[in-house]
Amino acid sequence: MAMTYSEKVRDHFANPRNVGTLEDADGVGEVGNAVCGDIMKMYLKIDDGIITDAKFNTFGCGAAIATSSMATEMIKGKPIEEAEQLTNQAVVEALDGLPPVKIHCSVLAEEAIKAALDDYRSRKRDEIVHD
Amino acid sequence: MGMGKYVYMDQAATTKISERALGAMMPCFTEAFGNPSSLHEAGRDAEAVVEQARARIAACFHAEPSEIYFTSGGSEADNWAIRQGAALGAKKGKKHLISSAFEHHAVLHTLEALKKEGFEVTLLPVHENGLVRPEELKAAIREDTALVTVMYVNNEVGTIQPVEELGRICRESGVLFHTDAVQAAGHLLIDVKEQNIDMLSISAHKFHGPKGVGALYVRKGVALGNLIFGGGQERGKRAGTENVPAIAGMATALEESLENREEKNARTRAMQRKLLEAVRKIPCTRLNGDEERRVAGNLNFCFEGIEGESLLLYLDLDGICASSGSACTSGSLEPSHVLLALGLPAEIAHGSLRLSFDETNSEADADLVLEKLPEVVARLRSMSPVWKEKEDREEREREKPF
Ligand SMILES: Cc1ncc(COP(=O)(O)O)c(C=O)c1O
Ligand SMILES: [Zn+2]
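For the record, the sequence lines run as chains Z and A. Using my numbering, the first residue of the first sequence is number 1, and each one after it goes up by one. Using my numbering, the first residue of the second sequence is number 1001, and each one after it goes up by one.
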């Protein structure tokens, strides 16, 4: 019953890309809860509608760390409209699959990006109101 | 496969077969290969192996050979004892069963199944230290209690239950007492008579014997019904052609594990102390389970802000095999039921590490763990939002004006 992760997952898990925080982030999203195991926090830097930098902090299993890493790679340099379309299936495919019991962990990455973009938009709205 | 190029600190999951046990098995494949039920010489040779093994195993527990029944392992022995122990009670209208909250799933899931069949189950608390309290067992026993089953040593936290006392309470109340001794056999001295044990389960692969073989001790006079029907093996109680090589291997492994037990135990204890003292220095680390009343080869820690699976994967990358909770539940997403039973909040129970070791582990093994573990914990904490939040909170506290 040992769970086997693909080479890609193992690589992204062993050498996660974009780990960290962004002090001057334009959008921050946190999803998940510790009771089910995984928590993901996503930091985005956005310039002119383009995601110029993305960093994450994750508390979770190997699949959660690997999907965080892959998802940040996939949205960096992309317009926010495109990043918003990123699905967990796309992240899983890019990682050459995940064991079935771990699919739910990949949903977190998609949700974290959406939450960070929501945060970005609400900050924008606040700016407009205050101007 | 990088066979053997790792440090194995997961002896509670399973062990490598000893050379002596393997040596005892080999002739059973090639020479004593007969069917023990056959009348001819080949059959008699195989039967002799099985009966000698039965006597040798019985001697290790101060039991009679006729009280030992071979099974396919610990799970079958547990299922058999509990199902048929419950059935014995039900015949007399007793449909109440008592166990503990942190049993192995072989016990807990059997109890769940019996619940659906109309039995009532009381699970005794194991408290923060992972120990059942005899007075709480006494209070839980009722007129209609059919069976008490409490494990000897817990597989995750290694705590040793007060089996003799629990057995005495059951004996005095006329209630059948079973103990899952899978993690105790080969490590602790067990005397079924002195310890008032009616039924006891063991599994060979936990003491350097082969996998897929175990035994159930059933005290003479307990008329246990069958779990498996068929031929007349095991005095009509458990059908199926005997796994002769595995049975021979189990007997040898058990004897071997009890030879020089004190000396091996002292070595393992020393390794436990060394690991414990050093791992404790990692901040926000807790030892799970009683520090004193635990087997020499178990340590179980929680590291705040860290999830267990990623901890295991990073240790694996560093060539260290360990475990987070029981190997049987690694496919599930739930935090360990054992740690929850100890009262740990779910988010902390997710970050547990079980190191299990014995005399086959070297000082170098322990040194590698002590070199890598603090690095891995620090690395995972550096990417953990839970840990960051805790640090930020503590920072704010410090900056608060008085
Ligand atoms: C306490 C306990 N009981 C029962 C079992 C099951 O034994 P087996 O694997 O031989 O079926 C195990 C092994 O995981 C165990 O640790
Ligand atoms: Zn996960």
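Treat the hints as calculated values from the structure; they're not laboratory data. What you are looking at is a predicted structure, and each value in this text was computed from that prediction instead of being measured. One or more of the hints may lead you astray.
What the hints assert, rightly or not - Straight-line alpha carbon distances no greater than 30 Å define the calculated BS3-like cross-link-like pairs of lysine-lysine that follow: (1) A:Lys1388 with Z:Lys76; (2) A:Lys1091 with A:Lys1237; (3) Z:Lys124 with A:Lys1390; (4) Z:Lys114 with A:Lys1274; (5) A:Lys1094 with A:Lys1237; (6) Z:Lys45 with A:Lys1388; (7) Z:Lys8 with Z:Lys124; (8) A:Lys1092 with Z:Lys78; (9) Z:Lys8 with A:Lys1372; (10) A:Lys1094 with Z:Lys45.
What the hints assert, rightly or not - Here are some, though not all, of the chain Z residues that point toward chain A, as calculated from beta-carbon distances under 7 Å: (11) Ile39; (12) Phe59; (13) Ala90.
All residues carry an ideal CB built from backbone N, CA and C; glycine is no exception.
We went through each hint and held it up to the structure:
1. A:Lys1388 with Z:Lys76: holds (24 Å)
2. A:Lys1091 with A:Lys1237: The hint holds at about 18 Å.
3. Z:Lys124 with A:Lys1390: holds (29 Å)
4. Z:Lys114 with A:Lys1274: violated (47 Å)
5. A:Lys1094 with A:Lys1237: holds (23 Å)
6. Z:Lys45 with A:Lys1388: holds (20 Å)
7. Z:Lys8 with Z:Lys124: violated (37 Å)
8. A:Lys1092 with Z:Lys78: Between Lys1092 of chain A and Lys78 of chain Z the Cα gap is close to 73 Å, so the pair fails against 30 Å, i.e. violated.
9. Z:Lys8 with A:Lys1372: Holds: Lys8 of chain Z and Lys1372 of chain A sit about 24 Å apart, inside 30 Å.
10. A:Lys1094 with Z:Lys45: Judged against 30 Å, a Cα distance of about 67 Å means the pair is violated.
11. Ile39: holds (5 Å)
12. Phe59: Hint holds; Phe59 of chain Z Cβ to chain A Cβ min 4 Å, cut 7 Å.
13. Ala90: violated (23 Å)
In summary, the structure is inconsistent with hints 4, 7, 8, 10, 13 from the numbered list given earlier, while agreeing with the others.
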